[in-house]
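S.K.: Starting from the structure of chain A, add chain B where the hints point.
Those protein sequence lines, which keep their order, are chains A and B. When you line the first sequence up against numbering that gives the first Met the number 0, it's residues 0 to 448, in that order. When you line the second sequence up against numbering that gives the first Met the number 0, it's residues 0 to 85, in that order.
The set of hints was computed from the structure by calculation and includes no laboratory data. Be aware that one or more of the hints could be misleading.
[Stated by the list, open to error] Stretch by stretch, here's where chain B covers chain A in the computed footprint (C-beta under 8 Å, at least three residues):
{"no.": "1", "segment": "224-232"}
{"no.": "2", "segment": "427-439"}
[As the list claims (entries may be wrong)] Cβ pair distances, simulated, as ranges:
{"no.": "3", "chain 1": "B", "residue 1": "47", "chain 2": "A", "residue 2": "425", "range": "19 to 27 Å"}
{"no.": "4", "chain 1": "B", "residue 1": "79", "chain 2": "A", "residue 2": "360", "range": "48 to 56 Å"}
{"no.": "5", "chain 1": "A", "residue 1": "163", "chain 2": "B", "residue 2": "52", "range": "19 to 27 Å"}
{"no.": "6", "chain 1": "B", "residue 1": "79", "chain 2": "A", "residue 2": "177", "range": "48 to 56 Å"}
{"no.": "7", "chain 1": "A", "residue 1": "174", "chain 2": "B", "residue 2": "66", "range": "18 to 26 Å"}
{"no.": "8", "chain 1": "A", "residue 1": "81", "chain 2": "B", "residue 2": "47", "range": "48 to 56 Å"}
{"no.": "9", "chain 1": "A", "residue 1": "177", "chain 2": "B", "residue 2": "75", "range": "28 to 36 Å"}
{"no.": "10", "chain 1": "B", "residue 1": "62", "chain 2": "A", "residue 2": "163", "range": "33 to 41 Å"}
{"no.": "11", "chain 1": "B", "residue 1": "18", "chain 2": "A", "residue 2": "362", "range": "31 to 39 Å"}
{"no.": "12", "chain 1": "B", "residue 1": "71", "chain 2": "A", "residue 2": "305", "range": "30 to 38 Å"}
{"no.": "13", "chain 1": "A", "residue 1": "100", "chain 2": "B", "residue 2": "16", "range": "48 to 56 Å"}
This one's a predicted model, so the numbers in the text were calculated from it and none came from an experiment. Every residue, glycine too, gets a C-beta built ideally from N, C-alpha and C.
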Amino acid sequence: MNAKKTKGEKPAKSARKPGKVKGKMKSATKAARTMLGRVIMGRHANGMRRVAITGMGTINALGRDVPSTLEAMREGRCGIGPLDFRDVDRLMVRIGGQVRDWEPETYFNRQQIVLYDKFTQFTLLAAREAVEQSGLVFEGELGLRSGVVLGTAAGGMNTWDENYRTVYEEGKNRVHPFVVPRLMNNAATSHVSLEYGLLGPSFTVATACASSNHAMGMAFNMVRSGAATVMLTGGSEAMLCFGGVKAWEGLRVMSKDACRPFSATRNGMVQGEGAGVFIFEDWEHAAARGADILAEVVGFSMSADAQDIVMPSAIGAQRTITGAMQDAHMRPEEVGYINAHGTGTAANDKTECAAVAHAFGHHADQLMISSTKSMHGHLIGGTGAVELLACIMALRDGVIAPTIGYEEPDPECALDVVPNEAREARVGAVLSNAFAFGGLNAVLALRKV
Amino acid sequence: MSDYRDRIIQIIADQAMLDPSELKLDMSPQDIGIDSLGLVESIFAIEEEFDISVPFNANEPEQSDFDISSLGAIVAAVEKLVAEKA
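One chain only, chain A, in its complex shape (with noise of 0.2 Å):
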């Protein structure tokens, strides 16, 4: 992890000022200028900002930072085994990715914990690494230009289950004075609000399974429009409890023995659980400061199926796809890797799939889809978050993270799904789809750096 480089903001650069941007523009190379209007400077034509990726972090079943997770995406290991908590046995479904041997007090203090559900834990942990690599301090005009917009689908999920426990297993008439602010979705975000010292806008976005996308679509456009110059930004899940699961299980669409996506002996999907958290900083602002940018976020599209609400529509995803590369002004040919939604469900997959061959046509068969949640299980509302990771490693390490557990081709799944091993390959545009029960889709762009 880099060491603090730079301490705080420095001064507001005279760059920010209209009339020196239309001065850069005036110098862009020809190259530059042929790449459908965007520039190698810190602004796009229209005046927008671009965004820098400048800190990562993540706790989730594969490593409880990027490093230990990228080394376990690159080497395909699975993360997904025996759920242990309590009443587990009552569970039809007893698989996860679950972290491990999680004890809180081995990084906050009593106090702390009592005010920390599992899901506020992971996302502060993830913002810690994130943090530290950036090398920021949120002080002064910085603090105030900084925000946070977190995705979680259940937020406080352990908290509730432990208090409806209380109340109606354990018939007690009393709980613990801090259940309210514990378990409502936004705890993490205020409290990493609270951590760094942001000031800035920050809200908690819950679109199930495409909650961190969205978030970290608002992020992107909230310093992309200059609203913000630092947004930290990702998502968090911890519904590996007994309720957790057993809600899932009703859905009879949960593996019980692995998460297999795109193989015709897909029966599933699995819940996984941790968080990811991002450094989403305002290009001009980390190039003067000297940051090490990780990638650029370049394009973001949401929309709404309108159409069912659990099952997925391939239209809404073709659209939504074609929307973030039209938003990054990018080419079909451009994207050499997708991170999948992938769940492993029958629908998902082949509805996926569907919707890539027709947003890429011929190019579909060029590129590389995969989906990581075969390894760290399905984080639902943290889920884009932990697979921005394997996005960046693509751009940056030229390493694509494989779909394990990959077993037999499926006719309807008939992409380079990059089956089991890792893969080398250079990529300079990337892309990370979110298909949302309720029908809401989420895909960001991504460019090398």
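M.R.: Only chain B this time, still in chain A's reference frame:
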């Protein structure tokens, strides 16, 4: 046994918003107008009605031990599960 049949037909008919008299034993869930989510809900209702646990995965409905190819097959499968429980 016909009691099971009538109770199952009533459950499926409620789900499809049809009159029980419109359902025939050789009809498939699709014929009746039950989609995959409706099927999951029907199976839940059957489990509750007969206090049984039906092995059904919506990802591979045809591979489950529980035959859902027709209304008659569902009735037979439920009768088998109830008998096994007894």
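S.K.: If a hint holds in the structure, say so; if it does not, say that too.
M.R.: Comparing the hints with the structure gives:
1. Residue count for the segment 224-232 of chain A with a Cβ under 8 Å from a Cβ of chain B: 0. That is fewer than the three needed, and the coverage hint is violated.
2. Residues of the segment 427-439 of chain A lying with their CB closer than 8 Å to a CB of chain B number 0, which falls below the three-residue condition for coverage.
3. At about 56 Å, the beta-carbon gap between residue 47(B) and residue 425(A) misses the expected band of 19 to 27 Å.
4. About 50 Å separates the C-beta atoms of residue 79(B) and residue 360(A), a value consistent with the hinted range of 48 to 56 Å.
5. In this structure the hint that residue 163(A) and residue 52(B) lie 19 to 27 Å apart at CB holds, the actual value being about 23 Å.
6. Take residue 79(B) and residue 177(A): their Cβ atoms lie about 51 Å apart, and the range 48 to 56 Å holds.
7. Under the hint 18 to 26 Å, the C-beta atoms of residue 174(A) and residue 66(B), about 47 Å apart, miss the expected range.
8. Checked against the given bound of 48 to 56 Å, the beta carbons of residue 81(A) and residue 47(B), roughly 29 Å apart, lie outside it.
9. For residue 177(A) and residue 75(B), the Cβ-Cβ distance of about 54 Å falls outside the hinted range of 28 to 36 Å, so the restraint is violated.
10. Checked against the hint of 33 to 41 Å, the pair residue 62(B) and residue 163(A) passes, with Cβ atoms roughly 35 Å apart.
11. Look at residue 18(B) against residue 362(A): about 52 Å separates their beta carbons, and that is not inside 31 to 39 Å.
12. Taking 30 to 38 Å as the suggested C-beta distance range, the pair residue 71(B) and residue 305(A) conforms, at roughly 37 Å.
13. At about 50 Å, the CB distance of residue 100(A) to residue 16(B) agrees with the hint of 48 to 56 Å.
Against the hints set out earlier in the document, violations occur for numbers 1, 2, 3, 7, 8, 9, 11.
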